[in-house]
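Colleague: Residue strings, one per chain:
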Amino acid sequence: MAATSAAVVDTPNVTEPSLYLEGIPHDRFTQLRAIPGLAWHPYEDGGFWAVTRHAEVRYVSRTPEQFSSAIGHTNLWDLEADALEARRSLIDTDAPDHTRLRRLVAGAFTPKNIRRWEETVRAITIELLDEFAAQGGGDWVEMVAAPLPIQVILNMLGVPVEDADYLVELSNYLVEGTGDAQSIPPDAFGNTTELRLLPFNSPASHALFEYGEGMRQQRQDDPQDDLVSHLVQAESDDERMSRSEYRNMFHLLVFAGNETTRTAISHGALALAANPDEWQRVLDDPSMIESAAEEILRWATPVMHMRRTVTADTELAGTHIAKGDKVVMWYASANRDEAVFEDAFRFDVGRFDAGRPNSDHFAFGGGGPHLCLGAFLARLEVTVLLEEMAKRSICLEQTSEPVRARSNFVHGVLSVGMQLRTAQ
Amino acid sequence: MAGGDDLVRVAVDRELCIGGGICEMLEPEVFELDDDIVISSVISDGLLPRDRADVVVDRCPGRAISIVEGVS
Ligand code: HEM
Ligand code: SF4
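Here the protein sequences line up with chains S and W, keeping their order.
The first sequence lines up with residues 2 to 425 when you count with this note's numbering.
The second sequence lines up with residues 4 to 75 when you count with this note's numbering.
Hint data in this document are derived by calculation from the structure and do not stem from the laboratory.
This structure is a prediction, so every number in the text was calculated from the model and none was measured.
Hints are supplied without guarantee of correctness; some may be wrong.
Some chain S residues well away from chain W (every beta-carbon gap over 10 Å; in silico) [to be verified]:
1. G178
2. P370
3. S408
Now the in silico label distances, taken between C-beta atoms and shown as ranges [as the list claims (entries may be wrong)]:
4. D239(S) / D61(W): 50 to 56 Å
5. I70(W) / Y167(S): 34 to 40 Å
6. G215(S) / D61(W): 42 to 48 Å
7. Q221(S) / D39(W): 18 to 24 Å
8. D226(S) / D61(W): 31 to 37 Å
Built from N, CA and C at the ideal position, the CB exists for glycine as well.
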């Protein structure tokens, strides 16, 4: 690290959560990308190597034996050993545990199998859009962006419709837990577990674990054709999945796709409202919808970074990095890297070749084994939404400023007013 | 000189495959995911033009696909 101490002084801060109230601090990331090698970024008592260029994000992501997900944590801060064990989900594992757990759920999320959910996604989308239109607009996040992904995933898991509202409520409390304000007391939902042992330090995680346990018992006695039954089957064979792995997997599946997809749909609306000419291109030529969906994902970058930990002294971008160092891949930066994206700060619905399904943007991670499990589901949701909007010639008009999340991790939008205008 | 149309043979490392099915989506004639074990395998003679083979190798998140030999 000594050789790079010059860079320490100049590293612009990109972790201060309040920066993100104004949006991603892109000017700072542009500065970071221009620093040769890796920049050392101070954080709390230590710091991390900031990986901000597309090429190196890709390398870190695709070299898991050098950059571990199982050590420390995949967020910026370390968890104490017992907390990491209690909270460990698919995201915080390396092979062979990762491969074993991932295969238990991967089959349900392949491009081929995700296509089977298209009609469900479409029905939910149409209902939400119609309601939004009937009301003459409103808070896009609350009325469209948030309910769409959660309703879809609950369908896949097999959660009965009458419980959907409860799980939506829990999911919303978990979202709070990713920021720094919790509106519920530690003993909410009858929780007695120390908060640091629960995902997002939230008592709502306890409630979600309990719910998952209830479903486990039910599906054991009466298996259905749903994702929970499939997991329960694997859990009954301890070699494939332990009880703790089951509950963390259930928790991850309920949560992982919600805040992320809602963020993509929120920024999608903002981008389309701000760039009416780009939306007009899509209306004129609906074959651009797939590309437009990819551009929205690049533009939004809902998950702004993930962290890895170095397993052995090595070199990256000419910088020496040591065993135990934290390395943070800034997807938000890689997705604006001019070396890969021409005119990267322009929202361009034609940027991605139509039919090229797995693009160069890193909204779903840098292309390694932790590549977002729900990538094709999220793509389906965004694509179907654009299709249904295009069919109705709906244009969005912004009626209020977005309220952004105070978070350096999820590029969240808490609310934004939109109204519909029919294209001339 | 090797060109992009030259045929090469691809293979799947079953240890590394994480079962996401991207290979099957890109090259359905060559790869198929087994629904029970959720591991991909080569179902054809495994021959692909080099540039298409490079794309699947590049897109495979498990880094499980490799080009095992050049043909022709
Ligand atoms: C636009 C929406 C979404 C975005 C931007 C997103 C983004 C991400 C990112 C960046 C990662 C980490 C990748 C890495 O470390 O290489 C990830 C992992 C994951 N995502 Fe998503 N995600 C989205 C939707 C979903 C959905 C709908 C699900 C549904 C279940 C989901 C489930 C997961 C899971 C389970 C993982 C962990 C995968 C692993 O560690 O093997 N995501 N996602
Ligand atoms: S793309 Fe790679 S990891 Fe995914 S199923 Fe095919 S071989 Fe396996």
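Colleague: Work down the list of hints and note, for each, if the structure agrees.
Modeller: The hints, checked one at a time:
The beta carbon of G178(S) is kept farther than 10 Å from every beta carbon of chain W, the shortest such distance being approximately 28 Å. With a least CB separation of 5 Å from chain W, P370(S) falls inside the 10 Å interface cut-off, contrary to its annotation. No beta-carbon of chain W comes within 10 Å of the beta-carbon of S408(S); the shortest separation is about 26 Å. Take D239(S) and D61(W): their Cβ atoms lie about 37 Å apart, and the range 50 to 56 Å is violated.
Checking the proposed 34 to 40 Å range against I70(W) and Y167(S) shows it is violated: the Cβ atoms sit about 51 Å from each other. The hint said 42 to 48 Å for the Cβ distance between G215(S) and D61(W), and at roughly 43 Å that hint holds. Taking the beta carbon of each, Q221(S) and D39(W) are about 20 Å apart, inside 18 to 24 Å as hinted. At roughly 35 Å, the beta carbons of D226(S) and D61(W) sit within the given window of 31 to 37 Å.
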